[in-house]
Amino acid sequence: MKKVIIIGGGAAGMQTALRLAERGIEALILEKEAEAGGKLRGWHALFPTFTPAEEVLTELRRRIEEKKIEIRTRSEVRSLTPKSVTLADGQRLDCDAVVLASGFTLFDAAIKEEYGYGLYDNVFTSADIERMLNEGRVARADGSAPQRIALLHCVGSRDEKVCQQHCSRVCCITGVKQAMELKQRFPEADIFNFYMDIRMFGPGYEEMYREAQQKCNVHFVRGRISEAAPTLDGRIQIKAEDTLTGRPLRMSVDMLILLVGMRANDDSAALAESAGLQRSPSGFMAPRDHFLHNVESNVEGIFYAGTVTAPKNIGETLNEAIAAADAAADYLNE
Amino acid sequence: MKFYAPFCLPFIIGATAMFAIVLGKWLVWLLRLPRADKMLILRGLPSRATFGAVGEVFCESLLHRRIFRVNPVLGYMHMSLAFGWFLLISVGWIETVAHLGFRYVPLQGHVFFKYFATSLEHKPFFDFAMDLLLLFVLSGVALAWGKRLRSKALGMRRTTKHVLGDRIALSALWFIFPARLLAESATCALYGGGGFLTGSLGGWMHDRIGMLALMNLESAAWWFYSSCLGLFFVALPFSRYMHIFTEIPLIFLRRYRLRSGEKATSYDRFQLEACSRCGICIDPCQLQSVLGVDNVQSVYFLRDRRYKMLRPEIADNCLMCGRCATKCPVGIDLNTLRLNSRNRLRNLPDKRRYAYLKETDRSQGSGKVGYFAGCMTLLTPRILQAMEQVFTAAGEQVWWADRDGGVCCGRPLKLSGETDAARKMMRYNTELFRKHGITTLVTSCPICLKVFREDYALEGIEVLHHSEYILRLLRTGRLRLSHGDTRYTYHDPCELGRGSGIYDQPRAVIEAMGQLLEPAETRENALCCGSSVANTAISDGQQAAIARSVAAELEATGAETIVTACPLCKKAIARGATKEVHDLAEIVAAHIRR
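Just so you know, the protein sequences line up as chains A and B, in that order.
In our numbering, each residue's number is its place in the first sequence (first place is 1) plus 753.
In our numbering, each residue's number is its place in the second sequence (first place is 1) plus 559.
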């Protein structure tokens, strides 16, 4: 029986393994963390349907168990070739093909020092909010309920100053989703989204954006926040420009939420170098081409699934994992 | 004795034209100087500054001492040409006097003395001395040829790309001394005499060349020599060789304390034309070494400005880091000239601009010590927070000028050439400082520091960079720091180091907390982070490329933490570094002992 190693046990990795099993190919998932699930583990609900992330994850795990697919956790990959994968501890695992499904790294908001993340109380990232929603308790640092919340789009995306030129795509809709979730918890709160553009590319997204404005009364201000500073009463004062009215504005908010972008996985550079894989200028892996070979790498026998090549949402990732598994299976059956 | 032959004509015409043009230029530039500058000259003339200038002219214009310091081989090349030629002229004059006593001899009589002196008895000492000097100059010419072919051999990675006028003058200059050797040797071949060089070569020619051919050769050689001289002299005032005669008055004027300013004056002409286009400024330029931008360096900027073909994209494409200025053998004030060119290209006085400034006092607190964060520190709030901790630990009462937002110090606008708008900001801030009665002004931004010290009228208010202020707190015991075994390396910000001469204070503060490792290029030679507000031409990606090269050099020290003392440098280097990058204040705040 042919064997494929899948690097990364997130949504992409699990779906790839399932498809490979259907095609009669043995799949081994290598997961760096202590538990499979990837970024989905920290997420609360998925746009645009508010489906609990846990629901998707539980089903994927159930199928993996059903098919008896092996997941090796705490297994960090040091290098790879189409026929083998070497782990950080030096152990070499042989295989017939590799699918790289190692995902992305979340942009570190502390790099945008001017927003004060990690410096002032009450500055959060979108990932923090998901965690708080999961924990069932969204609150300011002192435990009080926020009266006014600002969400800032494009933190670490489309920003030359931090060498991240690309658009992370899903943060716009995440901002809308979180605004609605927060509005539900704090119906009295004023919620503002500060954006450059609103990019509603997926099915149901535009409708959700409209609903946020019309039904939930979430405010959208076109303009990025230039800097944030703490006030004496522990709030955050933000400076921004409303570029539609052309006026600078200052506002004190109880919570500032930074919608952090997806950047290329920190491990991608080393893996690419070990296998001779090409990367795009953004640092993400470059597929062989964007149309007919978009799940294949430039190296025969190495395939890509999910956000290792570019920011994607969960639906796209799950679809692409099937395509990658099929490409790998076809390659092995040749 | 008659001191004229037809071949002298090119020389006579050339020399006359040159002296007329050079004197004319000097006169026009001097007359156009601002009144205050003229007064400085009048006051300086009878002072000791004049003697100092004479000495400096000897050391620099003839011996080229500053080039020696940068590069000894290059220094020798320039010295052999300048000082050697000067000695040829002066010893030649003494030779004439030795032969003929003190009587009038026309200029060409001195220059072509060998040609006219065939009937005079030989003086072996002068034959030897003049040949030795000619050899000295020829060795310089040989090096110049070598430099064109292989600049690396002379320690220069790159040399200047020249304009046509320069090429004509350069070619003429290269041939002057070989032509002189040939002409004098030919004369020696016909009439005997000459030293070890011309005499020997003459004897060799005498033995091998027929009389008639030799006579033709002699005539042709003297024509060629005279023509080379004439061509060089005519081209000189329009070429880079104008520096020979411009550096002399420049040295005097500089000693009389004339300076270039943010608005162009006639004094700038002396600086512009004193540039010899030696190209020493090219190698230190990081735009050249990292980005491969090779048409914006000071040598090209000065050239373009001199010939009135300066384009904004050249004037704007400079980090104004000052690395080239520290190496300039003529000591030209390169940054100020760049600045007043930008002023001419971009200054747009508009009365209505910045009219809103008067309503913007958002300062907080009160105290004799004022703290001005500046725009960049407001964008790096960890520094601001660290300064707050330092002030608290020292028990200082602080007036916060701009913590809640304020008016820019004005330097970025000044650097971009919008000097009048910058002045509005400077006036506003000056009034603000006065209104709140501070006696000390601390800033953590070297860009603000430089403009406060140089352009603000802040008599009675001491302006300190936070590195100076923190060191003072340490020395007076108001602040105590714990010492650990972390190894730090320090990046000199341009505006703080070369710009304000502050090198030791931040180092002393770091050494109070841990070990300091110096990068390969440090202090006066420190690299620029690449994100200088002075450059509005390069792209963000190019800034990041420079940052990566700087970070690599800093990380090569093996230090665990990179420290700098400028919020802009911190932000810039962090983009290219794998190690932690912090401002000095952050490190200090983390080491405060209570």
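Derived by calculation from the structure, the hints in this document are not laboratory data.
Since the model is a prediction, treat every value here as computed from it, not as a measurement.
The C-beta atom is built at its ideal place from N, Cα and C for all residues, glycine as well.
It cannot be assumed that every hint is accurate.
[Unchecked claim] If the Cβ cut is set under 8 angstroms, some of the chain A residues that face chain B in the computed set are:
hint	residue
1	Gly-777
2	Glu-867
3	Leu-872
4	Asp-874
5	Lys-914
6	Cys-916
7	Gly-976
8	Glu-980
Interface hint compliance - Glu-980 (chain A) to chain B, C-beta minimum distance less than 8 angstroms:
Status holds, d = 6 angstroms.
Can the hint on Gly-777 (chain A) be confirmed by a CB-to-CB distance to chain B that is less than 8 angstroms?
Since the shortest Cβ distance to chain B is 45 angstroms, the answer is violated.
For the hint on Leu-872 (chain A), just tell me whether its beta-carbon gets within less than 8 angstroms of chain B.
holds (6 angstroms)
Let's test the interface hint: is any C-beta of chain B closer than 8 angstroms to that of Lys-914 (chain A)?
holds (7 angstroms)
Is the shortest C-beta separation between Glu-867 (chain A) and chain B less than 8 angstroms?
holds (4 angstroms)
With a cut-off of 8 angstroms on the beta carbons, see whether Asp-874 (chain A) makes it to chain B.
violated (12 angstroms)
Measuring from the C-beta of Cys-916 (chain A) to each C-beta in chain B, is the shortest one below 8 angstroms?
Given a least distance of 6 angstroms, the restraint on Cys-916 (chain A) holds.
Agreement of hint Gly-976 (chain A) with chain B interface, Cβ distance less than 8 angstroms:
violated (17 angstroms)
In this structure, the hints that do not hold are numbers 1, 4, 7, in rising order.
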